[in-house]
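Line order of the protein sequences matches chains A and B.
Per the numbering used here: the first sequence = residues 1 to 397.
Per the numbering used here: the second sequence = residues 1001 to 1083.
By construction, these hints were calculated from the structure, which means they are not laboratory data.
A hint or two may mislead.
Label pairs and their in silico Cβ distance ranges [stated by the list, open to error]: (1) A/Q312 <-> B/Y1004: 28 to 38 Å; (2) A/V32 <-> B/K1069: 49 to 59 Å; (3) A/A174 <-> B/D1051: 16 to 26 Å; (4) B/P1058 <-> A/L311: 48 to 58 Å; (5) B/N1020 <-> A/T247: 44 to 54 Å; (6) B/S1039 <-> A/R266: 20 to 30 Å; (7) B/A1009 <-> A/D254: 13 to 23 Å; (8) A/I39 <-> B/P1058: 21 to 31 Å; (9) A/F58 <-> B/A1032: 43 to 53 Å; (10) A/D231 <-> B/A1009: 40 to 50 Å; (11) A/P355 <-> B/D1028: 15 to 25 Å; (12) A/E195 <-> B/P1058: 17 to 27 Å; (13) A/L3 <-> B/L1030: 20 to 30 Å.
Every residue, glycine too, gets a C-beta built ideally from N, C-alpha and C.
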Amino acid sequence: MSLFDKFDAIAARRQALDETGARPFNVVIDRVISPTEAIVNGRETILAGTNNYLGLTFDPECIAAACEAVREQGTGTTGSRMANGSFASHIALERDIAEFYDRRSAIVFSTGYLANLGVLSTLTDRDDVIVIDGDCHASIYDGCQMGGAQVIRFRHNDADDLAKRLRRLGDRAANVLIVIEGIYSMLGDHAPMSEIAAVKREYGCYLLVDEAHSLGVLGQRGLVEVSGEHDSVEFITGTFSKSLGATGGFCVSDEPVLDLIRISSRPYVFTASMSPSVIASTRAALAVLRRRPELREKLWHNANRLYDQLLQLGFSLGPHPSPVIAAMLTNMNEALAMWTGLLERGVYVNLVFPPATPNASYLLRCSVSAAHTTAQIDQIGAAFAATQKDFAASSAA
Amino acid sequence: MQSYDEILATLCKVLQRHANADMVVVEDTLLASDLGIDSAQLMEVLLDVEDEFDISIPLNVLPNVYTVKDLNVELEKLLRASG
Chain A
1 MSLFDKFDAI
11 AARRQALDET
21 GARPFNVVID
31 RVISPTEAIV
41 NGRETILAGT
51 NNYLGLTFDP
61 ECIAAACEAV
71 REQGTGTTGS
81 RMANGSFASH
91 IALERDIAEF
101 YDRRSAIVFS
111 TGYLANLGVL
121 STLTDRDDVI
131 VIDGDCHASI
141 YDGCQMGGAQ
151 VIRFRHNDAD
161 DLAKRLRRLG
171 DRAANVLIVI
181 EGIYSMLGDH
191 APMSEIAAVK
201 REYGCYLLVD
211 EAHSLGVLGQ
221 RGLVEVSGEH
231 DSVEFITGTF
241 SKSLGATGGF
251 CVSDEPVLDL
261 IRISSRPYVF
271 TASMSPSVIA
281 STRAALAVLR
291 RRPELREKLW
301 HNANRLYDQL
311 LQLGFSLGPH
321 PSPVIAAMLT
331 NMNEALAMWT
341 GLLERGVYVN
351 LVFPPATPNA
361 SYLLRCSVSA
371 AHTTAQIDQI
381 GAAFAATQKD
391 FAASSAA
Chain B
1001 MQSYDEILAT
1011 LCKVLQRHAN
1021 ADMVVVEDTL
1031 LASDLGIDSA
1041 QLMEVLLDVE
1051 DEFDISIPLN
1061 VLPNVYTVKD
1071 LNVELEKLLR
1081 ASG
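Looking at chain A on its own, in the form it has when it is part of the complex (with noise of 0.2 Å):
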C-alpha cells in the first residue's frame, strides 16, 4: 500500500465533482474591487461569502494605520514572539482587546484557527473532561484533540442534552471545560447562552465562547454581551479575520491562568506571531467598530432583507435572520447548479458539503457585509430566485 493511497477516495470525488464542470473549490478572484464586489471569471461578481460582516477591508482608517506600521516597522516580524521578542504593537493589542472585552488579560494568536488551538490544547490534558456542542468549528475539535482530554458532544444548542451529559459524568462534571460559539458558521444560528449558562452554573463547570462569527455582529462585543452573562463565561476566544477585516485570533480571561497558557501552547510559541500592518489595521477597525454602531444597524438591515426574500422563495434556512444566512439543500446536483448559476449570475456565496454540514445538507452560504447596499441585497435574492426558476424547469424537461 502506498502513502498515497489513502488520497485515492478524496480523488475520485474531485474528479466527479469536476467532470460537472463547476469548480466550487477553485475560485479565483482576479481582482477586488470593493469589500462587496470583484471580478470572478472576467465578470463583475457581488461578494457574499466572504464574513466581512462590518465591510472593514477597504475602510481608510484601517489602510492608513495599515501602511504607516509597514512603513515604521516592516513587513513582517519573521518569527514567534518568544523567540524573537514582541513588538509594541502586540502588546497594545492586546490591552486594546481586554479593555474592550473587560478582561484582566489578553493573548493574541496569528489565526483565529491558532487561537482555539493553542487555549484548548493547553488548558486541558488527559486527565480532562472537555464537552463541546456538535456543530463547533473544526478549530475547537483540533484544539480538542492535541490536547489530549476526554470530548465528549451535545446536541447542537440542546441545553439539556449538556446537563444529561455532565450529569452523566458525575463528581467530574464540576472541573469540565464546556465549549460553544456565539454564532455558528454554518446556519448563523446563536447559541442559547442563558439556558447554558444555567446549566454551567448547576455543574461548577467552566465555559468557554468562541465569538469568531459574533464578534461586532451580536451587540459589540458578540454573544456573551448580549446575553448578559458575562461572569458565567470564563474564557472567550475569537478572531480579527471577519469583522476587523484582517487575521488573527484572540483568547480573553480574567483568570490568571491565561498568563501560563501563553508560555505553555505550542501553537501559540512555535508561530510566527501577528505582523505590524495586520496588528495596526486590526487596531484600527476594533476603534471603527465601537465608535460606528450604524454599521452593526446596516448589517442587521441587509441580513433580514435577505433572509426574508430567501425564506419568500421557500428556500430551507437556519432557524433565525443572521449574517450567516445558509439555504439548505438535500440534492448534491441541485447545489451545483444553483451555485453555478449563482455565479453566473454575478453573486459569489460559498457552497459546502457534507461532512462539514449539519444534516448532510448541501449549502448555499451567504455572508451579508454592512457594505452590501440594498440594491446589491437585492440582486442577490433576485439571482437566487432567478437560477431557482432555472433549476427547476432543467428538472422538469
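For chain A, the structure is supplied; the task is to place chain B on it using the hints.
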C-alpha cells in the same frame, strides 16, 4: 451489568433504525460504509446509541472504531466503568 451479547443486541437494534431496509446490522457491519452514512451522520447515530445506554462515548475512542463489534467493545468498557 449487561453481558457483551446483551449490549450487542441493543446496539444492533439502535443501529438498525439508521440502516437501509434491506440490510441487517450484525457484529461485522462496518459502521460508516455499510450503513451508507458519512462521518458527520455517524456522529448523529452515536448520539442515539448514547441515549439508549445512558452513557457518553468520548470522541477519543472513535478513531479505532470501524465495526459494530469495535463499538460494542468500547460500550462494554464504558458501561463497566460507569458501574
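Structure-based check of each hint:
Roughly 55 Å separates the CB atoms of A/Q312 and B/Y1004, a value that falls outside the hinted 28 to 38 Å. Taking the beta carbon of each, A/V32 and B/K1069 are about 54 Å apart, inside 49 to 59 Å as hinted. A/A174 and B/D1051 have their C-beta atoms about 23 Å apart, which keeps the hinted 16 to 26 Å range intact. Taken as a hint, the range 48 to 58 Å is violated for the pair B/P1058 and A/L311, whose Cβ atoms sit roughly 39 Å apart.
The hint said 44 to 54 Å for the Cβ distance between B/N1020 and A/T247, and at roughly 45 Å that hint holds. Distance hint check: the CB atoms of B/S1039 and A/R266 are about 26 Å apart, consistent with the given range 20 to 30 Å. The hint said 13 to 23 Å for the Cβ distance between B/A1009 and A/D254, and at roughly 51 Å that hint is violated. The hinted window of 21 to 31 Å between A/I39 and B/P1058 is violated, with their beta carbons roughly 48 Å apart.
In this structure, A/F58 and B/A1032 meet the distance hint of 43 to 53 Å, their C-beta atoms being roughly 45 Å apart. For the hinted restraint 40 to 50 Å between A/D231 and B/A1009, the CB-CB distance of approximately 48 Å keeps it satisfied. The supplied range of 15 to 25 Å is met by A/P355 and B/D1028, whose beta-carbon atoms lie about 24 Å from each other. One distance hint, 17 to 27 Å for the beta-carbon pair A/E195 and B/P1058, holds here, with the actual separation near 24 Å.
As the Cβ distance of A/L3 to B/L1030 is approximately 24 Å, the hint placing it in 20 to 30 Å holds.
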